[in-house]
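With chain A held as given, fit chain B onto it using these hints.
Given next are the chains, with one letter for each unit.
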Amino acid sequence: MSGLSMATAAPGRYISWGVLQISVTNATIIGVMILVFILALVVPFPTHDDESDEQGHR
Amino acid sequence: MTTRADHASPEETVDPTNWTNKLRGRIEGLVPKGQALPARQPVYVASWIYVFGVLTLASLVVVVASGCVLAMGGVAWWHVSSLGHFFNSIHLWSVEMTFGFMVIHLWGKFWMAAWRGKRALTWMSGIMLFGISIGTSFTGFLSQSNFDSQWIGGQAKDGLNSIGAGAFFNVLNPGQMLMWHIVLLPLAVGALTLVHIILVRRHGVVPPLDAELEG
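Order-wise, the sequence lines are chains A and B.
Residue 1 is where the first sequence starts when you use this note's numbering, and the numbers rise one by one after that.
Residue 1 is where the second sequence starts when you use this note's numbering, and the numbers rise one by one after that.
Here chain A stands alone, though its shape is the one from the complex (with noise of 0.2 angstroms):
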């Protein structure tokens, strides 16, 4: 992309509520970085039982 285009390119898409207003670009980064957090809490990670020791380390 050339710099005049990128001059003349049609602004992003927003969203508006209120008085707060977010990109839709930042909002969908947002959502996706609250859901890998959510992930890492629930999914399960992939230890081997055996392998801990009598003080609990692996």
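Restraint-style ranges between C-beta atoms, simulated for each label pair: (1) A:25 x B:195: 32 to 38 angstroms; (2) A:34 x B:22: 46 to 52 angstroms; (3) B:147 x A:47: 48 to 54 angstroms; (4) B:168 x A:25: 32 to 38 angstroms; (5) A:44 x B:175: 48 to 54 angstroms; (6) B:146 x A:20: 25 to 31 angstroms; (7) B:147 x A:19: 25 to 31 angstroms; (8) B:111 x A:46: 19 to 25 angstroms; (9) B:80 x A:20: 35 to 41 angstroms.
Derived from the structure by calculation, the hints contain no laboratory data.
Every residue gets a Cβ at the ideal spot worked out from N, C-alpha and C, and that includes glycine.
Chain B alone, transformed into the frame defined by chain A:
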């Protein structure tokens, strides 16, 4: 043949007034013995939420490496070269990944109150690192050498001038912003990252809230 050990007298290695001995003692005492790069971790660390700190660090390595390649080509390289554009994109997207992982790491540590157990400095160094990283990325957006960076500089100048920072930090000066972006701020980020990691290794990974209550 003689070795260095042959020449080292006991006095030389324990003399407390010798600044080399003092410095070595300081460095050796930064983290408990064997905790600099431990191969085993407490069982509660087996969770995906504990992975985001090292993911942040790994993507930061890509940021610095791609930034070094861009430094060789120059600030306008990516406008005229497909290779330069490729490394510019690597630099941008590794920054996006760094911030994404860093924020999820921050959420995880906030909700497990990671400042518990004398870890306040670890928490504070992480927050400072987050703030300085934002400044580093902003000066990067000012160094794009295009209309976007010009517009961002025009928008930022009033806010910075209103707090007096414009006297020594001029966002309309692309050369100054580039130097902040590739020298001063990366040095600060690197130093604080080192402090943060040493503090994590010094105090260990924070246990989950329920694990501490049970203990």
